[in-house]
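Can you build the whole structure from these sequences, using the hints too?
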Amino acid sequence: MSQKTINWYKYAAPANFYVLAGKMIPWFTAITIILFAVGLYMGFFLAPRWGGDQKESYHIIFIHVPAAWMGMFLYVLMAIYAGIGWAFNARLASMMATAISTTGAIFTFISLVTGSLWGRPAWGVWWVWDARMTSTLILLFLYIGFISLQSSIDDPRRADRAGAVLALVGLINVPIIYFSVKWWNSLHQGATITAKGYQMVPSQLAAMLILLAACWMYSIAVVLARVRYIIREREREAPWLAEAAA
Amino acid sequence: MGGYGLYVWGSYGVTLILLGGEVIMLLKRKRDLSRRATSPQLETRNPKLETL
Chain A
678 MSQKTINWYK YAAPANFYVL AGKMIPWFTA ITIILFAVGL YMGFFLAPRW
728 GGDQKESYHI IFIHVPAAWM GMFLYVLMAI YAGIGWAFNA RLASMMATAI
778 STTGAIFTFI SLVTGSLWGR PAWGVWWVWD ARMTSTLILL FLYIGFISLQ
828 SSIDDPRRAD RAGAVLALVG LINVPIIYFS VKWWNSLHQG ATITAKGYQM
878 VPSQLAAMLI LLAACWMYSI AVVLARVRYI IREREREAPW LAEAAA
Chain P
847 MGGYGLYVWG SYGVTLILLG GEVIMLLKRK RDLSRRATSP QLETRNPKLE
897 TL
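Protein chains in written order, with the working numbering: chain A, 678 to 923; chain P, 847 to 898.
The set of hints was computed from the structure by calculation and includes no laboratory data.
Treat the hints with care, since some could be wrong.
[To be verified] Derived contacts from chain A toward chain P, CB cut-off under 10 Å, selection only:
| id | residue |
| --- | --- |
| 1 | 852 |
| 2 | 909 |
| 3 | 910 |
[Said to hold, decoys possible] Computed list of lysine-lysine pairs in DSSO-like fashion (alpha-carbon distance at most 30 Å, straight line):
| id | chain 1 | residue 1 | chain 2 | residue 2 |
| --- | --- | --- | --- | --- |
| 4 | P | 876 | A | 687 |
| 5 | A | 700 | A | 687 |
| 6 | A | 732 | A | 859 |
| 7 | A | 700 | P | 874 |
| 8 | P | 876 | A | 700 |
Just so you know, even glycine gets a beta-carbon here, dropped at the ideal spot from N, CA and C.
This is how it looks when you write it as structure tokens:
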């Protein structure tokens with residue numbers, strides 16, 4: 678009996694990945710729209726009100742927490758891709774790191790802004806220099822540094838290597854963000870979900886996790902679109918590109 | 847929203863603007879690339895275009 682196996686390594690070549698990404702984008706876009714619609718409906722209409730003193734402002738949790746997690750997840754992913762691109766001279770991995778950086782920066786910025794908008798009614802202040810917020814701001818600066826550094830170097834492969842060093846060094850900030858509320862006294866609340874359980878009603882948690890999944894699907898769709906444009910820009914001289922466009 | 851509308855809708859509004867803005871920028875980039883592909887004289891050969 679013959680077994681059909683997929684050779685995944687062939688998708689490490691930009692020419693093959695370009696075509697595959699183009700086929701995947703509409704699917705991830707459709708799933709993103711569905712998950713955002715379901716998650717927002719559950720969060721605003723099905724989940725019960727928060728039992729504590731947060732009142733209606735707790736609705737911000739449904740976008741603040743997924744955005745904060747995405748900022749950290751995408752940074753780790755960006756650093757891994759940048760590291761692989763540097764270590765194995767893999768062009769596509771470096772292009773993926775570049776493509777992820779803008780989306781990661783946007784989610785980190787969203788987490789800071791929504792956190793500030795939640796902090797004003799909850800704590801009475803827009804901003805405090807506590808460990809969680811300061812380390813998240815540093816994460817945003819790391820993203821901006823990565824993007825700026827790559828933009829300032831004309832040779833794309835040199836830009837990839839320089840960005841990889843910065844991304845890998847900055848990786849140390851991610852566990853600092855996560856554990857900051859444990860390691861230091863913080864105005865910020867502790868982790869909503871831990872290994873021991875979660876501090877939410879199940880329907881609230883479900884809405885938040887669905888919106889997290891929506892943010893993941895959105896990120897995959899926009900990163901795939903962006904990496905296709907990066908491939909088109911970097912490989913514009915390649916004959917395969919003219920064939921793919923035809 | 848019990849008096850918290852500014853904060854709640856402000857949060858979702860900022861999110862919508864930023865994510866929507868990212869999609870619009872990507873569509874604009876796609877249009878620019880297609881235009882350059884059909885008109886090679888517009889080719890800028892500028893790798894700094896890769897960041898957004």
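Each hint tested on the structure:
1. 852: 26 Å, violated
2. 909: 5 Å, holds
3. 910: This hint holds: residue 910(A) lies near chain P, its Cβ roughly 6 Å from the closest one there, short of 10 Å.
4. 876(P) with 687(A): 25 Å, holds
5. 700(A) with 687(A): Distance ~16 Å between residue 700(A) and residue 687(A) Cα, so the pair holds.
6. 732(A) with 859(A): 25 Å, holds
7. 700(A) with 874(P): 20 Å, holds
8. 876(P) with 700(A): 16 Å, holds
When each numbered hint is compared with the structure, a violation occurs for hint 1 only.
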